[in-house]
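Participant: One line per chain: the protein sequences are E and L, in this order. The opening residue of the first sequence carries number 99 in the working numbering; numbering runs sequentially from there. The opening residue of the second sequence carries number 341 in the working numbering; numbering runs sequentially from there.
Each computed DMTMM-like pair below joins lysine to aspartate or glutamate, with the alpha-carbon atoms no more than 20 Å apart: (1) 454(L) / 575(E); (2) 454(L) / 626(E); (3) 445(L) / 577(E); (4) 504(E) / 477(E); (5) 752(E) / 452(L); (6) 516(E) / 336(E); (7) 445(L) / 586(E).
Quick look at which bits of chain L chain E covers, simulated, 3 or more residues with Cβ under 8 Å: (8) 363 to 377; (9) 384 to 396; (10) 402 to 413; (11) 419 to 431; (12) 436 to 449.
One side only, chain L facing chain E, incomplete, derived with CB under 8 Å: (13) 380; (14) 416; (15) 453; (16) 454; (17) 455.
Treat the hints as calculated values from the structure; they're not laboratory data. From the three backbone atoms N, C-alpha and C, an ideal C-beta is built for every residue, glycine too.
Residue strings, one per chain:
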Amino acid sequence: MATDLSKTDLSKKDSSSQNPSKNPKKAPVDRRGFLKGAAAGAAASAAALVVKPALAQQIDDRVVPQKPVPAPQTAPRATTPLPNAATAAKETAPPPLAAVYTTDRPGADFMVDVLKSLGFEYVAANPGSSFRGIHESLINYGKNSMPELITCMHEESSAAMAHGYAKIEGKPMMIMAHGTVGLQHASMAIYNAYADRVPMYVLLGNVLDEGWRRGDVEWAHSVQDAASMVRDYTKWDDAPVSLSHFAESAVRAYKISMTPPMEPVVIVADAVLQEEPIAADERPRLRIPKLTLSSPPAGDSGAIAEAAKMLVAAENPVIIAGRAARTPNGIKLLVELADTLQAPVNDRRFRMNFPSKHPLYNAGNVAEADVILGLEVPDMWGMTHSQTPVNRMGMEVRNTTKAGAKIITIFSGDLYSKSNYQDFGRYAETDLAIAADAEATLPALIEACKKLLTGDRKAAMQARAAKLSEAAKKARDRDLEAATFAWDASPISTARVSAELWNLVKNEDWSLVSDTTFFSDWPHKLWDFDKYSQYIGGHGAYGVGYGAPAAVGAALANKKHGRLSLNIQCDGDLNYAPGVLWTATHHQIPLLNIMHNNRAYHQELMYVQDMANRAQRGVERAHIGTEITNPNIDYATMAKAYGMYSLGPISDPKDLAPALKKAIEVVKKGEPAMIDVLTQPR
Amino acid sequence: MKILALGFLTSAALLAQGRANEGDAVNGKKLFLADGCYQCHGYAGQGGRAGARIGPPVLNTAALIRYVRRPSGQMPAYTEKVISDQQLTDIYAFLKSIPTPPAVKDIPLLNDLKR
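Looking at chain E on its own, in the form it has when it is part of the complex (with noise of 0.2 Å):
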């Protein structure tokens, strides 16, 4: 049931309503009450939304009588010259009564009410101007309260918090920005949620109508079509032009992001919508709409049976996992699929998919397998093919599969696809393509596989298990026998870091909110994952900038949890927009940053290394550039400077346990920390 707040007549429109610039001085309104009862608390979820009907509420058009400005009754005792006449009498007289601006029904409470209905729980924002009207509502009508304000030092990091909050809630948060400079400090967050298949709500501020701007700042941060500098990388926008206009597709929004693939959606909010009352013939017409999310898109019944009969019949078969799990209950199917064929997992770590301690975990091999299956894979060609070495001219490309082998692919990007951008990779050539939600899909097919089990496939598959069982022991020797060298060495070898970080937290709800591919994957090949919100895969498009800011909205969605967010952060991306440590402090995130300190723009310094031999020049130079050294940053006292717990630069491995332990117990009473370690550069 869908709100309706009044039943007035819709013909008792008022023109100059709807034009404001026509009619700047238009009488204002009483304030607050408005829809308070609307949607109050109510929460999106998968599950139909129901919307209780709000409590409408009597209009008062009065106009607030503002109390009159004595006039100063002697002359000041002022060395600066007194004001003449004139001016005396324009600064006390009492203003027009036209002219005295308030209201007590802003559009953007309506809005408001009509965000509260889809859920948030934070919305992350740096101040700005063209969305002051629907701040104000949220801390003051909205009481700061589902969703609560998240105060930001940059939109990167606002976009970047709600990329990291996504992947371990499953659902969008907000964020607001201004349409101009806002969202183009936003966009190449909003472009690593995108190529990351990420929902998330980006509320733009705008003021359209030119008689409305103030100034030539308020010029200058106008746009006609706001979305279109993200349109490229987000699903869906629209810029509504009615505040029943701005429920709809607010809501249509909210459920198209959440719609696998999910990405980022755009709605802007006009500064004159949010700022002016809501108009009296407006009301009647105002409701929230209802929220049904669609159901993933789940692959057909015929296509499926087919798939099953491949990976049954498979001599060899590999699966690859790429954002396969977007719940708990991912990993549960995923396990049950490899557990079933004995197929191992070739895990991307795009997501947490599979658990890294499964004897299939990492088992398989692409060249030898006779079936491949890949789940929401967005790159299957690169796991098929091998290019030219970085060392040689020339693109040469490689089959790496064996002749014969048979690709399958379950993935939802194949319903949905963009131009510009090229996230999309190279065209793949499969056997069968299934254009659905892996995770959705996984039941049939699992069910599928079972009913084609035969007692000889059981008997083959079982030993096929044995093999790879000791084959992932055998990785796991070499991993420990590899983490050995350099233990003892200073900087700090990645390992030895890894090692020691996981021998304090192994007992924990612990969330690991950072990439590990920087890190030589040392968490991935010592710790033991395999709990949904133990790691949140990577930056999706590699822009760089993303993981402090991730870490943190990963680490908010933690709080409520109570999870020990741990984040590997490397130097260079910390160094974008370093205040999100401060929003970390000021919102009391508990979250354990531990410095992965390389001194370098690593992996730009190796290209750079790579182009100087390849013009036999020689590498002497190639930290021109790429190296951030003289000075050395501290990073501990940068962190103390936000109000954050730290100590560092550790050196000496055998400073480093005693140093996590304090920063431990910091954390775990709901506070940041970081320790600054200086790191061998993978």
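Following the hints, position chain L against chain E.
Facilitator: Same frame as chain E, now just chain L:
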């Protein structure tokens, strides 16, 4: 060009003597840093996601030089124009001087992770 098989050399001897034809480990360490080898292979040659483990080396000097000149993987080629065989020999001597690490069983944090 002087390519020597260094299997018979000890790291201590190299460090102490620094003989050019056998490789000067002290100079090798300087080159290892200056030529950016550590960026992919780590300061102790331990390797990682970006480069193979090379310290202590499993190849001999000649094989190391051959690979550096014509690598087959992701490593960029270092030609004679940018690094001499003698310099590579010095780097080899440095890598050879890196002590073998303790075994997993002797590192409790790692030994506990055995399955």
